[in-house]
Amino acid sequence: MSTFDFLMQGLVSAMEPINLLYALIGVTLGTMVGVLPGIGPATTVALLLPVTYQLDPTGSLIMFAGIYYGGMYGGSTTSILLNTPGESASIITALEGNKMARAGRGGPALATSAIGSFVAGLIATLALAFVAPYIVKLALVFGPREYFALMVLAFVTVSSAFGNSALRGLTSLFIGLALSLVGIDQLTGQNRLSFGVPDLLDGIEVTTMAVAMFAIGETLFIAAQGAQAPDKVEAIRGSVWMTAKDWARSWKPWLRGTVIGFPIGAMPAGGAEIGTFLSYAAEKRLSNHPEEFGNGAIEGVAGPEAANNASAAGTLVPLLTLGLPTSATAAIMLAGFQQYGLQPGPLLFATNPQLVWGLIASLLIANLMLLVLNLPLVGLWVRLLTIPKPWLYSGILVFATLGTIGANPSVFELGMLLVFGLVAYVMRVFDYPIAPVIVGLILGPLAEQQLRRALSISQGDVTTLVQSPIAAVLLGLAAIALILPLVLRLRGRGNVLTQMAASED
Amino acid sequence: MRLDHNEQTRSQRRPDWAALAIAAVLAIMAAIIFFDVARLRDMGGYSQVGPATVPDWIAIVLIGLAIWTVVASFKGDFPQRERQEIKPVAWVVAGLLAQMVLIRLVGFSIATGVLFGLAAAGFGARRIWISIPVGIILCFAIYWLFAVVLQLSLPAGPLENLIH
Numbered sequence: 051m052s053t054f055d056f057l058m059q060g061l062v063s064a065m066e067p068i069n070l071l072y073a074l075i076g077v078t079l080g081t082m083v084g085v086l087p088g089i090g091p092a093t094t095v096a097l098l099l100p101v102t103y104q105l106d107p108t109g110s111l112i113m114f115a116g117i118y119y120g121g122m123y124g125g126s127t128t129s130i131l132l133n134t135p136g137e138s139a140s141i142i143t144a145l146e147g148n149k150m151a152r153a154g155r156g157g158p159a160l161a162t163s164a165i166g167s168f169v170a171g172l173i174a175t176l177a178l179a180f181v182a183p184y185i186v187k188l189a190l191v192f193g194p195r196e197y198f199a200l201m202v203l204a205f206v207t208v209s210s211a212f213g214n215s216a217l218r219g220l221t222s223l224f225i226g227l228a229l230s231l232v233g234i235d236q237l238t239g240q241n242r243l244s245f246g247v248p249d250l251l252d253g254i255e256v257t258t259m260a261v262a263m264f265a266i267g268e269t270l271f272i273a274a275q276g277a278q279a280p281d282k283v284e285a286i287r288g289s290v291w292m293t294a295k296d297w298a299r300s301w302k303p304w305l306r307g308t309v310i311g312f313p314i315g316a317m318p319a320g321g322a323e324i325g326t327f328l329s330y331a332a333e334k335r336l337s338n339h340p341e342e343f344g345n346g347a348i349e350g351v352a353g354p355e356a357a358n359n360a361s362a363a364g365t366l367v368p369l370l371t372l373g374l375p376t377s378a379t380a381a382i383m384l385a386g387f388q389q390y391g392l393q394p395g396p397l398l399f400a401t402n403p404q405l406v407w408g409l410i411a412s413l414l415i416a417n418l419m420l421l422v423l424n425l426p427l428v429g430l431w432v433r434l435l436t437i438p439k440p441w442l443y444s445g446i447l448v449f450a451t452l453g454t455i456g457a458n459p460s461v462f463e464l465g466m467l468l469v470f471g472l473v474a475y476v477m478r479v480f481d482y483p484i485a486p487v488i489v490g491l492i493l494g495p496l497a498e499q500q501l502r503r504a505l506s507i508s509q510g511d512v513t514t515l516v517q518s519p520i521a522a523v524l525l526g527l528a529a530i531a532l533i534l535p536l537v538l539r540l541r542g543r544g545n546v547l548t549q550m551a552a553s554e555d
Numbered sequence: 010m011r012l013d014h015n016e017q018t019r020s021q022r023r024p025d026w027a028a029l030a031i032a033a034v035l036a037i038m039a040a041i042i043f044f045d046v047a048r049l050r051d052m053g054g055y056s057q058v059g060p061a062t063v064p065d066w067i068a069i070v071l072i073g074l075a076i077w078t079v080v081a082s083f084k085g086d087f088p089q090r091e092r093q094e095i096k097p098v099a100w101v102v103a104g105l106l107a108q109m110v111l112i113r114l115v116g117f118s119i120a121t122g123v124l125f126g127l128a129a130a131g132f133g134a135r136r137i138w139i140s141i142p143v144g145i146i147l148c149f150a151i152y153w154l155f156a157v158v159l160q161l162s163l164p165a166g167p168l169e170n171l172i173h
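Sequences listed follow chains Y and B, in order. For the first sequence, the working numbering begins at 51 and goes up steadily by one. For the second sequence, the working numbering begins at 10 and goes up steadily by one.
Some hints here could point you the wrong way.
Among the chain B residues that face chain Y by a calculated CB cut under 8 Å, a handful are [claimed, not checked]:
hint, residue
1, L35
2, M38
3, P60
4, A128
5, A129
6, I151
7, L154
8, V157
Here are some, though not all, of the chain Y residues that point toward chain B, as calculated from beta-carbon distances under 8 Å [as the list claims (entries may be wrong)]:
hint, residue
9, F224
10, L227
11, D235
12, L243
13, A274
14, Q404
15, W441
16, S444
17, V448
18, P459
19, V479
20, D481
21, L501
22, G510
23, T513
Think of the hints as simulated: they come from the structure by calculation, not from any bench. Since the model is a prediction, treat every value here as computed from it, not as a measurement. Glycine residues also receive a C-beta, built at the ideal position from the N, C-alpha and C atoms.
Construct all of the structure, not just a fragment, from the sequences and the given hints.
Right, here's the structure in full:
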């Protein structure tokens, strides 16, 4: 069957009334949580994962797709109206969008962001559908050492290539890798680092860790800032619809943003924010109104928002075809797959095509639902932004612990939530990035398995890792990604990298 | 903002104690890994690659990162911290601890309601005699939604048993 047939089949499965309902619940909850200030898509997905526990795999993943896209839409609404981006991929949106909102053009800003996200999501999801089979074919020739090299590349790009400090990025990554050792070794069945505690035999739950690191850590960090003047929510004055001129100025940035964002997300490089920065720079250069940039240029919202959504769909390429999460959000989604014993990767396309294509199709549907829901309901989302801080953050803590209690009602698990929440708080204070911990935790055991397989085949000869051309190239890229930023920073050129800081997501 | 402080701190050349503490934690983590997998070290078999191989490598890198952190702390490469208020953090932590202790005793709604009230106090809503009951009612509604409608198993207490 061709890709098109598979996609059609997926659409038929996603169009079943019950699956449509799951998608609707997913996008609504995703937007609702994503719109809360300071909460990015990764936190949204981590907080809402428990809601999907009782569903069958297809329903659960469909709801998940909705939550993911919904969380992103919600995040851009917050950035525009409140100027508190929940993730660094929304920083640019906040920059121009909030200026527009202050100038009374919040409606068109939200509209261009929503429609741009839709256009980008649509094109990028279709691109995902058409690119995926080729990567699956490529992945079938990958052996353990190629997979290991690919994971090393992902580790480097997620942790140290961008951001303020290679030291802190790598430290975060290795904390995650160290924690990933806890539990029973998958190849020999030996306990490692479980110290006789039965709860640790299965390892540290990725969802517990993600909720602790993002939701609890962020709440503690905000609490520690003390009483500050509340951020001002910009009221939406005038029409939410775009004028003909707005359309004329938006459609090209949407398409350019998509073209920039998708490949960046699809490469095992992680980080939607890079695409948003590049798109912003491109729009600024190409615009007829460069003087408006910084004061609320609609192109500066349209392009980066499209790039953001296109890269989000792009990150699903390595996740679904290779089982390789390149962002915290993707890592949590991988955990969502694993709770059903599903391992994304080339095999999943062969063994469970309905599921994969149902998921891809439901991304398209979720995207459409969001477009229909988001603009008319924007007033409702705005009201969520005005919840007073004490109730808001207490509520977030209730939901954060609810997920853990629902998954595993043990005092020990709640203790881990608290301990890792405090760890994440300290990491935030000292400017350590969070995403590498999550990626290290989930990808660590997979990388270890591949490495040990490769080394067992070569009877312990480490040079086997660079004897395959593909693996050698990938490891070479990883080495460049590790060393080049160090050199740049030593020469005082670190500013560019700081601007591209790898995000929470 | 994060870049311009380097100039002031670099001139002082004093170690950053917090950074040294972080380095110590990394070294302790490495030591724990190293000693825990010691018993697995002879399981490598013919290829000498076993359950201890990767942990050993990770422990070695952690030591390296600890040393790098020490160097960075002396060079003043560590970011300056904004002032942190401990009191609100303590309220939130107290709430999480209270929930942890109470959940087995009194069930989901009351334990999580207490968390809600104490955390709200950390964010400025100090009237916990109002916020805790509000939290308990809210959590009871959540319990009903998740445990009864969505069939998620949540620990029940006296309050929850009323609706079973």
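Now the hints, each set against the structure:
Taking 8 Å as the C-beta cut-off, the interface hint given for L35/B holds, the closest approach to chain Y being about 7 Å. The interface hint given for M38/B holds, since its Cβ lies 6 Å from the closest Cβ of chain Y, which is under the 8 Å cut-off. Here the hint on P60/B is kept, as its CB sits about 4 Å from the closest CB of chain Y, short of 8 Å. Checking A128/B against chain Y: minimum C-beta separation of about 4 Å stays under 8 Å; hint holds.
Because the beta carbon of A129/B sits about 4 Å from the nearest beta carbon in chain Y, less than 8 Å, this interface hint is met. At its closest, the beta carbon of I151/B sits 7 Å from a beta carbon of chain Y; the interface hint therefore holds under the 8 Å criterion. Taking 8 Å as the C-beta cut-off, the interface hint given for L154/B is violated, the closest approach to chain Y being about 10 Å. Among the interface hints, the one on V157/B is violated; its C-beta lies about 12 Å from the nearest C-beta in chain Y, farther than the 8 Å criterion.
Using the Cβ-Cβ criterion of 8 Å, the hint placing F224/Y at the interface with chain B is satisfied: the shortest such distance is roughly 6 Å. At about 5 Å, the closest approach between the beta carbon of L227/Y and any beta carbon in chain B falls short of 8 Å, and the interface hint on this residue holds. For D235/Y, the shortest C-beta to C-beta distance to chain B is roughly 4 Å, which falls under 8 Å, so the interface hint holds. The interface hint given for L243/Y holds, since its Cβ lies 5 Å from the closest Cβ of chain B, which is under the 8 Å cut-off.
The restraint placing A274/Y at the interface with chain B holds, with a minimum CB-CB distance near 4 Å, inside the 8 Å limit. Interface hint status for Q404/Y: violated, as the beta-carbon distance to the closest one in chain B is roughly 25 Å, over 8 Å. Interface restraint check: W441/Y against chain B, minimum CB-CB distance 6 Å, threshold 8 Å, status holds. About 4 Å separates the beta-carbon of S444/Y from the nearest beta-carbon of chain B, less than 8 Å, and the hint is met.
Hint on V448/Y holds. Least Cβ distance to chain B is approximately 6 Å, under the 8 Å limit. Annotation: interface hint on P459/Y holds; nearest CB of chain B at approximately 5 Å, less than 8 Å. For V479/Y, the interface hint holds, since its Cβ comes within 8 Å of a Cβ in chain B; the closest pair sits about 6 Å apart. Annotation: interface hint on D481/Y holds; nearest CB of chain B at approximately 4 Å, less than 8 Å.
For the restraint placing L501/Y at the interface with chain B, the shortest Cβ-Cβ distance is roughly 7 Å, inside the 8 Å limit, so the hint holds. At about 4 Å, the closest approach between the beta carbon of G510/Y and any beta carbon in chain B falls short of 8 Å, and the interface hint on this residue holds. The criterion of a C-beta within 8 Å of any C-beta in chain B is not met by T513/Y, whose closest approach is roughly 14 Å, and the hint is violated.
The structure does not agree with the numbered hints 7, 8, 14, 23 stated previously, though it agrees with the rest.
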